Structures are given as C-alpha cells and as structure tokens.
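Residue numbers (this note's numbering), protein chains in the order written: chain A, 1 to 791; chain B, 1 to 791.
FYI, nobody ran anything at the bench for these hints, they're computed from the structure.
Just to be clear, a hint being listed does not mean it is correct.
Pairs count within a copy or across copies, as identical chains cannot be separated in the list.
As the list claims (entries may be wrong) - Listed next, the in silico DSBU-like pairs over lysine-lysine satisfying Cα-Cα at most 30 Å (straight line): (1) K718 to K614; (2) K282 to K301; (3) K396 to K325; (4) K511 to K282; (5) K511 to K277; (6) K277 to K573.
Treat the numbers as computed from the prediction; the structure is a model and nothing was measured.
Protein chains: 2
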Amino acid sequence: MIKNLPAARYIISSLNFQRLFLFLCLYFAFVSIRAQEKIQEKEQPQLKDFTQFVDPMIGTAKMGHTYPGATVPFGSVQLSPDTDTIPYAVNGRYNPEVYKYCAGYQYEDPTIVGFSHTHFSGTGHSDLGDFLLMPTTGELQLNPGTEAHPESGYRSRFSHDRETAEPGYYSVMLDDYNIKAEMTASTRVGIHRYSFPEDAAVSHLIFDPMHGIYNYDGKNVWTFVRVENDTLVTGYRQTTGWARTRTVYFAMAFDKPILEYGREQYDNRPYNGFWRKFDQSKNFPDIAGEKIRMYFDFDTKTDKELQVKFALSPVSTRGAVENLKTEIPHWDFDRVKKEARELWNRELNKIDIEPAGKQEKINFYTAMYHSFLGPTEYMDVDGQYKGLDQNIHEAKDFVNYTSFSLWDTYRALHPLFNIVQPKRNADMIKSMLAHYDQSVHSMLPIWSHYANENWCMIGYHSASVIADAIVKNNVDFDTGRALEAMTTTAKVGYYDALQYYMDLGYVPEDKNRASVSKTLEYAYDDWAIAQAAKKLGENAIFEEFSERAKNYRNVFDAKSGFMRPRLSDGRFKKEFDPLDTHGQGFIEGNAWNYSLYVPHAPAEMIELMGGKEKFEQRLDSLFTMELPDAYFANTEDISREGIIGNYVHGNEPSHHVAYLYNWTNSPWKAHDKIRMILRDKYKTGPDGLSGNDDFGQMSAWYIFSSMGFYPVAPGSTKYALGSPSLNKAVIHLENGNLFLISAINQTKENVYVEKTVLNGKILKDPFLDHHDIMKGGKLEFYMTSKIPNLN
Amino acid sequence: MIKNLPAARYIISSLNFQRLFLFLCLYFAFVSIRAQEKIQEKEQPQLKDFTQFVDPMIGTAKMGHTYPGATVPFGSVQLSPDTDTIPYAVNGRYNPEVYKYCAGYQYEDPTIVGFSHTHFSGTGHSDLGDFLLMPTTGELQLNPGTEAHPESGYRSRFSHDRETAEPGYYSVMLDDYNIKAEMTASTRVGIHRYSFPEDAAVSHLIFDPMHGIYNYDGKNVWTFVRVENDTLVTGYRQTTGWARTRTVYFAMAFDKPILEYGREQYDNRPYNGFWRKFDQSKNFPDIAGEKIRMYFDFDTKTDKELQVKFALSPVSTRGAVENLKTEIPHWDFDRVKKEARELWNRELNKIDIEPAGKQEKINFYTAMYHSFLGPTEYMDVDGQYKGLDQNIHEAKDFVNYTSFSLWDTYRALHPLFNIVQPKRNADMIKSMLAHYDQSVHSMLPIWSHYANENWCMIGYHSASVIADAIVKNNVDFDTGRALEAMTTTAKVGYYDALQYYMDLGYVPEDKNRASVSKTLEYAYDDWAIAQAAKKLGENAIFEEFSERAKNYRNVFDAKSGFMRPRLSDGRFKKEFDPLDTHGQGFIEGNAWNYSLYVPHAPAEMIELMGGKEKFEQRLDSLFTMELPDAYFANTEDISREGIIGNYVHGNEPSHHVAYLYNWTNSPWKAHDKIRMILRDKYKTGPDGLSGNDDFGQMSAWYIFSSMGFYPVAPGSTKYALGSPSLNKAVIHLENGNLFLISAINQTKENVYVEKTVLNGKILKDPFLDHHDIMKGGKLEFYMTSKIPNLN
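One chain only, chain A, in its complex shape:
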C-alpha cells in the first residue's frame, strides 16, 4: 500500500510511534471510506426520471385535498401555498366552508395568502399550516386581506399560467407584487427563493404564526419568537385544534441581513413584565404572545433575491437550528431542488411501469407520489422527538413517524408499503408502538399527529397495520410487544363503546351512534389480531379474537338482508332506511354500502346474505342503482364525483367492494367495474381525484388495482386479483428481487382476464399470495374483451 518505501521510511523515522499509528489509522479510514463509496456508487441503480410524470396539482381542486407545494418523500416539511384563511369555526359553530381548505390550497382560488410549512395530504379534516411566510413590497400590511379585496392585506393575486408544481419544487408569480416565489425542501428544512422586482428597494417578508389551517379564534395558544441575530430567527407555535396540545419549533435563516423588523400583538393579555422599558413593536428581539404577526425588511435595491431557510423541529428551537445546519448547510437552492428530485426518483423507481398511455403514466406516478407523502418523519436529525406524553423521547433504532390517518391507510397504503416500503413500514409500526408506550390509555394510535391523538374515525386499525406486517414477515420490530399492544388496545372498555361491544358482541345504537360501522370494524380488527396471534403461535389469543371477529354476525338482520343497528335490549332498531346515510347506525355511508364491510370473511358474509347468486345480484344493483342526489348530500367525505350507483369510491369503506365479486361465481364482474373506476374516478388535472386522497389511500387503491390485485383484508397474505390497466409493471423490491407483471393483449376494450399465470403456472383461484411477490417472479394476465368462463 505504501509503495514508496524510502518515503515510508522517512515518515517512520520522523514520526514517533503515536503519530505513526494515527497516520495509519487515518490512511486506512480513508481507504475504507473510499471503498465504501465505490460500493455505494455501484449499488445505486440507474434511476429513471419519473418525477416528470408526477403532477402535484392533481387533487388540488374540489375534494382531493392535496397540496401542490414542495416536499420530499415522507418529509417533515410540506412547504406549500395557502389560498385562503377560512375559519374552522365562527362564534364557536362549525363552518362547513372550511372543508375545502384541508390542505390549504384550492385550485379555483384567485389569491395566495402565503406559504406555510406543514400540510396534510388529502385528509378529510385538518390542522397545521404552520409559519406562513409571504414576501411583499410597497406599503407594509400585516393582515392577510380578503379574496375579494387582496389589496386590503398582504395576500396576492396569482395565475396558474405562472405557477409550477413538481415533486420537491413549487413556484408562482405573485402578481400583486411582481415577486417570483420558489420553494424546495429537504426532510426537515424548506428553502424559499424570492425574486423581487426592479423597483423594490426595500422589501418585506411577512411572518404570520396566526395563520393556520382549520384556524379559529382560540386556536393559537402561544407563540414565542427570538430574533437571534440579523440572519437567524427561532421560536415556536403552540396550537389547540384537531391536535389538542401541539407545539412546532422553528429556525429561520436569511441569506442577507435584516434591515429592520417588528411585530404586532393582537391579544389583550396584560403583560406587565416590560415595565415600559422597551418599544417592543420594533427591532425588539424577544417576542411572545397569543397572537403575533411579524415583518422583516430587507435591502433589495441591487441584490434582487432573498433566500430563506426554514427548519422545523418537534423538540426545541435548538433542535430546529441543528436540523437546519445539518440538512442544508449552504445556500444553493438549486442543489436542494435537485436532491429533492433525486429522492423522489429513488422512491418512484420502485415500480417501473409501461402504461397504456401518458395519462395512465401521470395517474400512476402521481398516485405513487401521493402515497409517499405520509406518514411523515417526526424527529430531529439526532433522533429526538416529542412523545404523546409531551416528554422528549429518542428514536434509538428507528425513524419516528407521525400523522397516521389509519382508518384510511390501513386498507391499501400500509399493504403497499409492505411491498415497496417494508423498512419504512416497520419503522412506522415502531412509531406506533412508541405511541402505545406513551399513551395514558395504553392504546395504539387511532389518528395521531404531532404528539397528539385526535381520535378521528372508528375502530382500532393500528391492529390491522401491525397484523398485516406480521403475517407478511415484515417484522423488524418486537412482535410480542406488538401483539400485547394490539390486544390491550382492543380491550380499553371506555373507548368508543368498546365495553358494550365486548359485553354484548355489538355496539348498541341507543348507547353509541354509528354502532353498526363500529361493530363491523371492531370485528375486522379483531380478526386481524387473531391472524397475528396465529402467526406468532399465540393460540389462546388467536381463539379469543377469532371469536370476537364473528361479531359482524350480531348486527346482521336476516329480515332486511342488511347490517342494521341493534339496541342494548337485543332488538333491532325499528326505524331503518338502508339508503339514508344519517342516523342509521353508519358513519360516512349507508346500510347498502357499509353492510358489505366484512373484509375478513366474505364467504361467510355471502352465506349470511343468502348465498353467492343473491349476493352477486346485490353487487350488481349496488353499482347500477340510480339514487336521487339527496341521499349523499351533506354526507361528509362523499361527493357526487366519487359515486357509481350506490357504490362510493370517493370514500374508504367501499374500497374492497368491487373485489368481492371474486367470492361469487362471476369474478369477471369485478373486472369491468375496476377498469371503470380506474378510468373514471382517477383523472389527470387538478380535479382528477373523485374524493379525498386521504393521505395516499385513494392513490394506493389506484396503484394496486392498475397492477391487477388488491388487499381486500390486510392481515391476510392473499390479494384478490382484478383487472390491470397497465401493460407492464416491474416492482423493484427492497430485498433485491424483481416482480414482473404484464397484461397480455391489453387494450381499452380487453378489460376481462381470461387467465392469470404466475411463474408459468395458471392460477386456479383469483388470488395472489404476498410471499409469491416477495420471492420475485412473473405474473401474466391474459386479457380479453369477452366475458371469460373462469369456473
């Protein structure tokens, strides 16, 4: 290694032993690092640029509830424009208008209020919108103004013609100020680049911590800001809302010094500490209060650009500063943009498709993009994060995630992760177990975000996510502890009528509303627990929860043929309209569609409902019946666009329904339905989504179904086969294997599958096993336009 021996001798003679040792250590460390780098370079597969097919605008109009801004896969920062500030509640009463603004952005809006750093993707209730920044020029205005009169505040008009949204990058022209705004992000840091117009000698940056999504008077609990020096500001924002006790810390750095700054305080807390010693309104670096807005002025006379790095932390301002320094230690905006694109391509390349057309390619990779927007990383670069107990914890051997919209995502998103994101999915489960440890209820998450449980929706579907990972051998977590967490969660009597469910075998409608939905979902989750227990050899638990899993039977009314609310005295509730979505024992659905929710036992359910033929007719009716608009009007999370007959694709409880044909004598009937949904309910363009994307669940349905299979019952390794819309797909598995899917004779008309061949063998039943995917292999669908005879 040291070829030049005289030189080596010289070195040895001129150094003492310790120095020589140090030298050799450094030399070998260098050699070893270089070797590692070479291996990594070699291991990096050649990535295709799939980001070009992603359109973050899809879902930003109507009910998609996605945001167009800049973020990286599973990133903590979602830096995105907010187009309005509709309050969640006015005078303490819910304002239904707010629903449009779950992600802060509505495509039809003519103005942008500013750019905030946190957004949920596709949810049907909301929060966040932290730390809005808005560059302005001219007269300083600290209020946001109104859509009708943007000139009355700091907001600006904008046009989609001068707006760009790409994975990891967003830009827009703020027309009222003639400012070009660009933004990109790393995991914990957003970076803004503002280009000011020629005539702006001094420009303002508005910082509005009073802004928020699902805002209301009272949401801001406390804001704390320190202007540390002329290029660094730190602080935090504490809110109460969907998350009751939420604090987000920040560090904001500028690439040029602040000229001057100031704050307005809008609360009337009589703070007496200052003894009138200071003018707090201007250039006073120590700011706190309930309602604060600030401005920072910059010299833009010759240097027309201002860059702002904005780091978040769940722990502290110190954590935010460290995140900032670690993730973006430079001011090269374009480098961050490029790295964000690379991160996206790394994830998007996990499935390489050959679509029928460009539209399908856009839909597919945008669905992939939406599927990887959450859950989001929730810890500092050093692994510290705030727990549910509001203490600081350290994620020692995992990445901690937050924002678990589990009632949605257990269905297809986490199953998708078990295929293309197994490492992250295991870490998500570790995060859920940490949540369980920190929960004063000893419960796994229901819908949790930012160290809070918001309890949204029903069931305890963490159990499904964990069980699915266990049966699929994705078990880089303590499975024993996980099983304990699941069974403990399933026995918290005071949780949402669970004691009644345990005592009576169903939730009685006279004790708790949406009783049928709850009974059905508890029963499914119980089955999932049983599957995990079986896999882990815990037979007593398997038996116990298999018994509970049958509880769906207790709400089946053979007379009406529907699942139907029962009272605590055992009788069915008398008044009953199976089409009505209100007060009938269901949540976000009616008896027609929700009665089909027995994903873990379709055969038994079909038996209960009168056998295969009768059930087949029932499904046929579901997809074809014509309903007056009134039936789904005013039902949250259900919009006209998502409906086919009485089937509601825009909301989750129906997502497995088309695949139920696989348990009838006519599985082929699923095929045209699935192809119709893929074609009609997912489109390109801002209004392309037919319902809330729900943190990737709608998109995960698309990804599975377009490849020809779907996880009807997570917790089973079986996927129901459908009808692929793609020509080909190659799944690059983390274990290095490849799974190839191809649709032979694929055309728009050839929607039926006449046979399915796995690794050269015809599949007898319309099901695929997860382990066959993970082993790698080849799945061939033979497409036809004729109704096949599969039996």
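Guided by the hints, dock chain B onto chain A, whose structure is given.
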C-alpha cells in the same frame, strides 16, 4: 482483610477469575463507601436547634409579603396556604388590592383557599401559586368560593389558634371540613398529610391549576394533565404574567388509590378531537385545556389519612417523576419533616448568636430563615433545567438557581452570601452567566424567574453581585466571561434609556421616566464593573467604567442641592418637588432620599453636596423631618410602618443611608439610628416587618446591622461599621474559620461604639475589611451610652 483464609480459598477455588475480580471490586467499593460515610459522620458538626427561634409567620401580615408554608433552604417547592384569590387585573385594569397577596397569604384573612406549591418570599410584585390542592368533604365544589361566603366554594375558614408554622413544616385545621392539613418538603417535592374527620367516608382532593398568585383572566395559557394510574398524576401548567412564558411541570402521587376523579373545563376552545367518543368529565385520564379544575375522590372510611407527594420540575413530567422518586422514595412524612428541620439547622448554624433577649433571637434567626428562601434551585435532580431560550440545558458543574430579585438583593443579601453561603453565591453567579448566554439580548438578569426575564426595576445589578464576589475572591466561576457579561450588559443601548446614558452621561427625563434613579444606579453598577476589572487586571475596562461611574455628577443640581432630573437638551427640569415621589425623576422614592444614592463614592457625593458638616445636617434632617402622610401615600413598596422622618427603611434605596454618617465627622450618629431601626422596624409577630422582605434583603440588612457592619457598596471589600445589637455572634465560615463578634458592655442604652478592636488592634476608621472576616478572627465593639469622640 479476608481473615477467614479457608473461606477465602473456597471462594477463590469456586469462582472463576472474572467472578473473583467482580467480588473484590464490590468488596473494596463497600469498604470505601463505609469509610467515606464515617468521615462524613465525623465531619457533621454538632448542630444546635435554631429552628425553634424561627417564626415563619413574621411578615405575613400587612406588607411583609412572606409566606408561612413549608420549604427547605433555597428549595424549589414552597408549599404554603393561600388565603385569597384577588385578581391582578379586572377588565384589563390593575387591581391594587392584589398587592397584599404577593405571597398568597394575608394573616388577617379568615379563610384558606388551599395549598399551592410555589411562592416568592417578600416580593413587591408577584407570580406563581402553582397547583393548588385543597382537601374537602361533603358536597363536591370546584370553585374556590369567596371570603364572605366560604361555604359557596371549596375554601375553608381557619383560625390561627389551630395553625403551626415552623421551618419546613406547616399545619392548620380546616374548620369548615374538620380536616387537619399538614405539609413539609424536600427541595423539589412537597408532601401533604390530610387527616379527615370520623364522618367522612369519601373525601375529595381539589386540584386547581386555575388558581394562581397575581392571577387574571388570561393568565392560564395551557394546562395538561395525565392520570397515569390510580396513584400517580402528571402534567404541567403554562402561564403568562410577570413571567411571560412560564411552564411548570408536576408529578403528584397518592398513598392510596383514587376512587374516582373528574374535571371541569371553563374555557370555550372548541376542541373537536374527541368525536364524542368519551365522557371526558369523569375518569378520563387525558386532560388538557386553558382552564381546568379537577377533583380526586378517596376512600377515607377507615383509613383517615391521605398523603400526597407533589414534585415540581422545570423540564418535563418525566423530570418531575424522577425528582419525586429520588427525593422522597417513601411515605414517611415525619422523616421528611425531620430532614427539612435538619437542613434548616445546618444553614441557621452558620451564625451562632448570643442575643440581648429572646425577641432578638427570634428576629435574627427568622431573618436568617428569610435570607435563605431564595434564589431558589431551578433544575431537576439530574441537573437539567429550562433556559431563557426555552431550551433544556444541563447545569454541569453547578446548581442552577432562579428568582433573582436583584434590585433588592444585590445590596446586602448577596454580600451576606459571600460570607455565609460562598459556594451557593458562586453557583448563583454561574446561573446568572447561563442566563446571559441564553439571553437574546446578551444581558445578565435584571429580575428573572422560571426561565423568564420580567425586567422588574432598574439598573443592571447583576454586575454588582458579580463584582462583589470577584473583589472578595469568591471566584469559583469564569471571571473573564463574567467581566465580559457585565460590560456587554452595560452596553445594550435599547435597554431602559441606556443609549442616552452612554451618549449624554445621564438619562434624560423627557426621554425616560425615573431618569435620576436610573442614572444613579447605572453609575453605581459601572463602578462595580470597574472594581471587578481592576481586580482582574483589565485596566482599559477599569478606566472606561470608572469614568462612567462618575455620571452621578451629571444629575446633581448644585442650586437645589439635590439630584434632579435633566432634559435631553442639558437643562434641569424646571418643575421640581424634592419631597414628591411621583414624576420627579425617581422610582419608589423622592429626591430627598434618592439623592443619597451614590454608595460607591460617598466622600465625593458629600463634597458635591457642600461638605461633611452640611451633609451631616442633611442626614439629621432626613431622619427627623416631619412629613404629611400624603407624601408617601400611593407609592408602591413604601408603607407608613417603614418610615422614619423622610428615611424609608421599608424600601431598598435607603438601606445604606444610616451608614453614610461614617463619611461625616460624626459616625456615632449612625449608631442610634441603626439601633432604632433594628428595634422599631423589625419586630416579632406577623406584622413584624416594616416593608416587603424582598426575598431576604430586609432580613439581610438586619443580620449585618445586628452584628455591627454593613456593605454600603458591594463591589468593595469594605464594610461600614455600625452598632451591633447582639451581645455575641460567631460566624462559622465555609473555609473552616471562625469569626467572632462581641459587643462589650452591651445594653439597650449603650448604643454607641467607643472603639472597635479587630484581633487586638483598635480600628482607626469605622470600616472592616471582608478579608479580615474570611481569615477568621475576633471583632470587639466597646459599647457606651455616651456620645463617643471618635475623631
């Protein structure tokens, strides 16, 4: 050491080498620990029980603002009864009635609202009163009720006949419930013992985090509570008030299980997270909101006692739980009480006195007690604490303290600490330097508590405290960093007209009120910085600040003979009443008394004021002039009881004034004044203090003066001699030395000192050097009733 050789051989033969090594390690560790313990046992000096002379009730009536509750020296927990809930502000306007309740307790009050865990001692503005507990029986009431109608709420009538207050222990009979309440404390944990009456089968414990001192609607920012299990509750309380952004964490443990519990929420924040899944009002363990009150019910049918341990933390609930487990890992109330008494005796024994009578002994040891109530420890048992930047810091090589009432305590309390608490005083300076490091202003504390700067009063007297320690060689801190902190603090232009002071040499009254007081105090602090610089050999700084120290001259008006407000154009303000305390350029004083505030240059000041004779007459007038009541009416912190003529002992700016006679031709004139003050302004009984004790400053004056000397200008090693009221005092110094003080021929009439002898040598001047105390030695005052000829 191993005497039994066969046994040893057996052990050796039966163990492998590793086990043997481990065994030997353990053995030697045991031997070494035992030896250490023996040394410690030996080193413990025989302590006298001086706690019997402490009466915590002194100062609890009228304006003393002390509290009678249980605490240990410099303890973080001050567990004390609060007798009313007067709001600080009503409809946003200051309510002057609140002033009586700075420490939560007023002796004349007939009811006790409950027992809260944090109290300032003797301050003239306030905060705290965290986490009120109140045991009740009968009908559950969650509101505190009123003094006039205690039955309308949870409060109770009480009588001083059935009330006991001792160092570290407080008890009272709650007459309305017939409950005996007792409490004691360790540093971070309070322990309550409630004895319920025969007829109380179920008893309530009210937990009221809405209660607070200097409370107002809006002070409660957020409260978070978790009922972790049936004997442990954790949480925090976040308030805004004197401290703007303050959070205190707690852990509360019961010695018997909760039967049931509940909460009322009084705010109207529309929290929607619960989706009506739970009855949150009862037995729901996850509680948060702006305004919360709770109750816990206990079975008191047979076991009549309930004990509650209540730990505080500045960091987290986890920190509070650790503090609880570490400090009081048992339920032995009497042991905690005994240990608290021992801790007090250890501190009180630092000065062993022979007083003239029992009253003097009570006054002296109560003054010692009050002097050791603050600053208070502010960190967890593991050294973690919240800093001014709201980040968590670790006190690596010191105890972190908070609650620095420096405008008061720099005068005599910290100088007293340099004699009897040098270690703690150095740690307090380290705490101040940590504050400086964390300050966004780069300023040392002005008046800081609980990770907040409340900016109360004027000057930057941290400089005095640090300089005093430096010149007195109490320098277990980084003196270079300390000097830098002092000079940096003294140059923050935007702080309280400091830029004007630096530019003009005085604060102009047209730019900032109380301009003369500020100019005088800045000048003194600058002198203190100069003294520190001199001691550290930093001559440039010495010169610079010595120059600034002369600025008192700039506000002296030779014409009127008073310090007088000047305007920014250089002229003196025309309208001027040297007796008025309002709008004359002074704060909490008038030109008559505040003009004497040049503690660092009395000789020069006397020269300026016309020489020694004229000045002597001036002092004579000060003490004898008769003033109409109106002059001091409505002047905060000044009450009739504290006044002698125009001399105001009840407030700090005059504390050095009697000693100024030492710079005249008649030092003896100080003697009868000092003895009069010692006799008349300090009494036993609840109304014994003639003004706010101000976190020990009033008491420290007593301790110094009763021993015959006083630090007129901290930052100098010189003490001015006065007239001791004690017969003897022995100061037990931390360095092991003893300093003996004796007053020979001491009687009530013999108030004059005819000579003072230090270690056998007559002192020529009426001054004593600090180093002579620390070396140990003997100081003898020869007392006489005749006016001595000292010149």
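Evaluated hints:
1. K718 to K614: Close inside one copy (25 Å), not across copies (105 Å); limit 30 Å.
2. K282 to K301: For K282 and K301, the Cα distance is within 30 Å only inside one copy (22 Å; across copies 62 Å).
3. K396 to K325: Classified as both: same-chain Cα gap 21 Å, cross-chain 25 Å, threshold 30 Å.
4. K511 to K282: Classified as between: cross-chain Cα gap 17 Å, same-chain 57 Å, threshold 30 Å.
5. K511 to K277: between (59 Å within a copy, 11 Å between copies)
6. K277 to K573: between (69 Å within a copy, 21 Å between copies)
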